[in-house]
Amino acid sequence: MRKGKELIFDLGKEGRVGFSLPEDEFSDMNIEDEIPADYLRKEEPALPEVSELEAVRHFTELSTRNHGVDSGFYPLGSCTMKYNAKVNEDVVRYSGFTNTHPLQPEGMVQGNLELIYDMDRKLSEITGMDRFTMQPAAGAHGELTGLMIIKSYLKKQGATEKTEVIVPDSAHGTNPASASMVGFKVVEVKSNKKGLVDIDALKEVVSEKTAGLMLTNPNTLGLFEEDITEMAEIVHDVGGLLYYDGANANAIMGKSRPGDMGFDVIHLNLHKTFGTPHGGGGPGSGPVGVKEELVEFLPKPLVEKEEDKYYFNYDMPNSIGKVRSYYGNFGVVVKAYAYLLALGAKGVERVSEDAVLNANYLKEKLKEYYELPYDRVCKHEFVLSGKRQKEGKVATLDIAKRLLDFEVHPPTIYFPLIVEEALMVEPTETETVETLNQFIDTMIQIAKEAEENPEVVQKAPHNTVVSRLDEATAARKPKLRWKSEE
Amino acid sequence: MFPYLPHTKEEREELLAGIGIDSIDELFTDIPDEVKLERELDLGQPLSELEIKRRMEELSGKNQDLSEYTSFLGAGFYDHYIPSVVDHILLRSEFYTAYTPYQPEISQGYLQAIFEYQTMICELTGLDVANASMYDGASATAEAALMSTAVKRRRKEIVVSTTVSPEIREVLVTYCSAADLVLKEVDFNQGVTDHDKLKEVITEETASVIVQNPNFFGQLEDLAQLADLAHDVDALFVVVADPISLAILEAPGNLGADIVVGEGQGLGNPQSFGGPHFGFFATTKRNMRRIPGRVVGETVDDEGNRGFVLTLQTREQHIRRERATSNICSNQALNALAATVYLTLMGKKGLKEVAKQSLKKAHYAAERIAKLDGYELAFDGPFFKEFAIKTEASVSEINQELLEDKIVGGYDLGNDYSQLSNTMLLAVTEKRTKEEVDKLAKRLEGIK
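Just so you know, the sequences run in chain order A and B.
Remember, this note's numbering sits 595 above the position in the first sequence when you count from 1.
Remember, this note's numbering sits 330 above the position in the second sequence when you count from 1.
Hints listed in this document are in silico derivations from the structure and should not be mistaken for laboratory results.
Note that beta-carbon positions come from the ideal geometry of N, C-alpha and C, so glycine has one too.
Treat each hint with caution, since some may be false.
To be verified - The calculated label-pair distances, taken between Cβ atoms and stated as ranges, are:
#1 A:Lys1072 x B:Asn584: 35 to 41 Å
#2 B:Arg650 x A:Ile794: 34 to 40 Å
#3 A:Asp628 x B:Lys514: 33 to 39 Å
#4 A:Asp832 x B:Gln520: 55 to 61 Å
#5 A:Asp832 x B:Glu398: 54 to 60 Å
#6 B:Arg384 x A:Asn1058: 43 to 49 Å
#7 B:Arg484 x A:Lys608: 49 to 55 Å
#8 B:Glu344 x A:Ser1079: 25 to 31 Å
#9 A:Glu901 x B:Arg484: 47 to 53 Å
#10 A:Lys608 x B:Glu530: 27 to 33 Å
#11 A:Lys681 x B:Ser414: 58 to 64 Å
#12 A:Asp623 x B:His561: 39 to 45 Å
#13 B:Gln375 x A:Pro1049: 52 to 58 Å
#14 A:Tyr712 x B:Glu530: 54 to 60 Å
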């Protein structure tokens, strides 16, 4: 089973080619006559020299050494690894979408503008916000954009004393990282015994310095922040704004809207909630939505409609500017748009219902075998603790690695930070009862192994192409590229 | 009814029973009444797959796409040929339905592909370390500016040439303003960065000097000299590069660049109305631990087999939180994979051929058009695959007329540079033919 795989640079022969291009029509022209010698490359880059089939076999073999949603269950908490509909991959490849240049005149790209405009309206309806920008390329990029908007808004208000952003101790790491990129000081607020933001602790850290509160709801424990309206009031009372991290929006569509909870700025992750593939780490898309009073600060341009013509509005003097070139990851927006067409209002609500149903089912069936630190109704995900197994010398990491032997991608582990030996499970709505039951059986089996035969768990995985990798050495003596002389 | 939602009515009841409750509503009792949505969303009826395709065909059909035109529009995004193999590999669902390779044992395929990508970017840029990708060229440039202030602690000033793409500079302005950095611009002379003005602008406070090569006008900058000027004040030298050009132009890393970034679209990614593409980011070994984003490293498993892992993670947001080198989490992995497949197929010879043919065709076009009455080259310096041409008629008028002949003309530089009104930026890639260039020239001749 175990085997290494040669690098693309180990394959091929000098002079072998994998490309075909039309004949050079200007073979009598010399680039040396056009470009000063100092500017020309002296040594060729060591790119591969392989045939087309060699290239295809290489990347096909690499793909077989990888697990995706189509390969098997992927309950990676906080990432919403739902099924990625194939029709979306087809429609995004329509020539009208792929073969348009961002600088073509508006009259030539009315279909693209209509799609962006329509998507804005759909996302606004789902979330209760007023306007959306599609420019941010990912969730974290959306956070950065949202915080820039908050900063610009406060600056216009003359509220220069507002320099602090409050973030719960259960928050995603991107929240504090984004806040500090915008020059805000990060203030942490503790969670209470119920796993929710502690209202008294919040009151203590809120002050006239508070620029905003970043919140995920349901939070990273999968629990709905029941006191959300009170929290919004506390922050709004001192002139701060509420930022909604939409990573967990899959739990509440058609049930509750951030805009109605008091949030002023939100981002959504189209690659989580709206079914676009994660691509092995991207491209994602992180549209940012705001309430009316913040629309003027959105990145420019916004798409507007006049009669039946769509156009880009650049006349936004208070805009924070651009956070990415042009209109964001447009192709990802196309796929998410097709996804929403497939579901309609009823389907969108059903998505959240089934996501929550599946998570609660797994939680109930597993809590006997693993510790459940917060035993109450959860939303689309829940967090177990491997504490009990840890006492028996089997760490959560071991449990995760053992799951690999069953062709299951493990849950998110060691996050959120406030749960010891955390295992964050998010099944999503697209999995069958059979898959859920299979996962339950596997988790129970691993819990038993941890007691009866811990070694099999500690030494897992047993069936993967490589065994556990030495990450410490990789970080201490980084080898980040191949070199020809080696 | 919903092919993505598998549960039957009976199964839902079975699951509810398993939880020990009677209705779905009981799972939502934690949402307070005052924030509960008591109506159906206004999102319309669900559509069948056939109807989805019809609607999307309708939208796509409302665009006039470049497959029906001959395009000379570039300005940062280019019509380079994409071999068929690229998309076939991208459609391997083990790649596109995966997420960030957090579990290396079942992600060796992607991790190795990223390692190969990092190697190729290092080879092209002449630098030691590349990350796994950024959102686009513009945000990669902004992250380079932020990184330079982390390397040159307490320096709060970024200097950028106005020959850097206006789109990139706009993103740079946004990031710098949010991070309370001072951004200074340096004007150009004869289509390239004005060295004397640069000398006036840089100070001991300058964290980095950012230039683009080939620059926004297609002109080649004297990188070695610019690097010296930046290094004279101990600032980092950042180069925004066109990756295709690096097949024939000297690697910026060999000319003094400390960071090389750029837009990777031209490497196997369609123009796609501006995204998704990817930005590449490379730097020197010395600044390795300051690099933003994911990085893959080689290591071994328990049994000594070669394997790959995400590494240097203590720089990243999920570990370091507010002290991370950047907030980036999701990147543009699949677009970087497209580039890896593209660079593999094109290889040493093919990439050079693409660069050479683009350069030659652009030079033929420039010469041909400059000979026409009412047209002259805006700048005399050496250029790669784009050039600026001064026109008598306005650029928008010319473009309007060209469209009638199914030609998409160049970008109007007057939009961004007041001194360059009636100046058109034309891009010529290897996909254009002599015949198409002749047709363009002939058509231009008739417009005065």
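A quick look at each hint next to the structure:
no. : hint                             : in the structure
1   : A:Lys1072 x B:Asn584: 35 to 41 Å : 25 Å, violated
2   : B:Arg650 x A:Ile794: 34 to 40 Å  : 29 Å, violated
3   : A:Asp628 x B:Lys514: 33 to 39 Å  : 37 Å, holds
4   : A:Asp832 x B:Gln520: 55 to 61 Å  : 59 Å, holds
5   : A:Asp832 x B:Glu398: 54 to 60 Å  : 58 Å, holds
6   : B:Arg384 x A:Asn1058: 43 to 49 Å : 45 Å, holds
7   : B:Arg484 x A:Lys608: 49 to 55 Å  : 52 Å, holds
8   : B:Glu344 x A:Ser1079: 25 to 31 Å : 60 Å, violated
9   : A:Glu901 x B:Arg484: 47 to 53 Å  : 50 Å, holds
10  : A:Lys608 x B:Glu530: 27 to 33 Å  : 53 Å, violated
11  : A:Lys681 x B:Ser414: 58 to 64 Å  : 19 Å, violated
12  : A:Asp623 x B:His561: 39 to 45 Å  : 41 Å, holds
13  : B:Gln375 x A:Pro1049: 52 to 58 Å : 54 Å, holds
14  : A:Tyr712 x B:Glu530: 54 to 60 Å  : 46 Å, violated
When the structure is compared with the earlier hints, violations turn up for hints 1, 2, 8, 10, 11 and 14 and for no others.
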